[in-house]
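> Residues per chain, in single letters:
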Amino acid sequence: DTGVSQNPRHKITKRGQNVTFRCDPISEHNRLYWYRQTLGQGPEFLTYFQNEAQLEKSRLLSDRFSAERPKGSFSTLEIQRTEQGDSAMYLCASSSSGGPGTDTQYFGPGTRLTVL
Amino acid sequence: SQELEQSPQSLIVQEGKNLTINCTSSKTLYGLYWYKQKYGEGLIFLMMLQKGGEEKSHEKITAKLDEKKQQSSLHITASQPSHAGIYLCGADNAGGTSYGKLTFGQGTILTVHP
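Respectively, the protein sequence lines represent chains A and B. Residue numbering for the first sequence follows the working numbering, beginning at -3 and increasing consecutively. Residue numbering for the second sequence follows the working numbering, beginning at 10 and increasing consecutively.
To be clear, the hints were calculated from the coordinates, so they are not data collected in a lab. The C-beta atom is built at its ideal place from N, Cα and C for all residues, glycine as well. Misleading hints may appear alongside valid ones.
[Stated by the list, open to error] Per the computed footprint, the stretches of chain B lying under chain A, defined by three or more beta-carbons under 8 Å from a beta-carbon of chain A, are: (1) 38 to 50; (2) 111 to 122.
[Said to hold, decoys possible] Covered stretches of chain A (chain B as the covering partner; in silico rule of three or more C-beta atoms under 8 Å from a C-beta of chain B): (3) 10 to 23; (4) 66 to 80.
[Said to hold, decoys possible] Pairs of lysine-lysine, DSS-like flavour, derived with a Cα cap of 25 Å: (5) B:Lys73 x B:Lys47; (6) B:Lys45 x A:Lys7; (7) B:Lys73 x A:Lys53; (8) B:Lys45 x B:Lys26; (9) B:Lys60 x B:Lys73; (10) A:Lys7 x B:Lys47.
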């Protein structure tokens, strides 16, 4: 049984560089979510996809952030011109669309981004 | 927007002790999820509650949702060092417009001393 996987697990970059993270959801799940978590806080929603359609984006997702899910399978999250405030754990989750309150989100191990 | 408040923020117990973590919502809870997180890792799903008064158990962990569906509690009986970690409650605001999106509390850090 393959869970949600994320790559890389850790990324250290210099301010101003671009970074891209990848998420592979559980294979039969049509929904995919991105969250960001900073130290001492719970995860905060960034965006979500149903199949290949990006249905919602948080105000946290500035113009420097872009997410894609081109074939409705894996997803990428790109951050352009990284800033030190982007340092966080980026979590991906996936679920099926079983209806309100019934679709449990399963999380990947996260990608920890450090911007120097 | 929905806000979740967890209490306590941190908890240190001796192995074998019982403990309770609370999660209070500013709005009606349509789906309440409990997750556990080890430091630096992803979230592990524990339980989901939907109905007022619902109670679920898994091994030594019991979660309840109150009748008014605005508060949930997570109770651990006879705690073990393996229970240590960060416990997070998350709410599915499916009754509103944010279908499927979870809003999380700030987490409760549990330390269990052997």
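> All the hints need checking, so say for each whether the structure fits it.
Status of the hints after comparison with the structure:
Remark: the region 38 to 50 of chain B is confirmed as covered by chain A, as 6 of its residues place a Cβ nearer than 8 Å to a Cβ of that chain, reaching the required three. Look at the region 111 to 122 of chain B against chain A: 6 of its residues bring a Cβ nearer than 8 Å to a Cβ of that chain, three or more, so the hint holds. With 0 residues having a Cβ less than 8 Å from any Cβ of chain B, the region 10 to 23 of chain A misses the three-residue criterion, and the hint is violated. Coverage of the region 66 to 80 of chain A by chain B is violated [criterion: at least 3 residues with CB-CB distance below 8 Å; count 0].
A C-alpha spacing of about 23 Å is found between lysine 73 (chain B) and lysine 47 (chain B), which places the hinted pair at or below 25 Å, so the restraint holds. Of the supplied pair hints, the one linking lysine 45 (chain B) and lysine 7 (chain A) holds, its CA atoms being roughly 24 Å apart against a limit of 25 Å. This hinted pair does not check out: lysine 73 (chain B) and lysine 53 (chain A) have alpha carbons roughly 31 Å apart, beyond 25 Å. Of the supplied pair hints, the one linking lysine 45 (chain B) and lysine 26 (chain B) holds, its CA atoms being roughly 19 Å apart against a limit of 25 Å.
Pair hint lysine 60 (chain B) plus lysine 73 (chain B) holds up; C-alpha atoms about 10 Å apart against a cutoff of 25 Å. Taken as a hint, the lysine 7 (chain A) and lysine 47 (chain B) pair is honoured in the structure, with Cα atoms around 19 Å apart against an allowance of 25 Å.
The earlier numbered hints that this structure contradicts are 3, 4 and 7.
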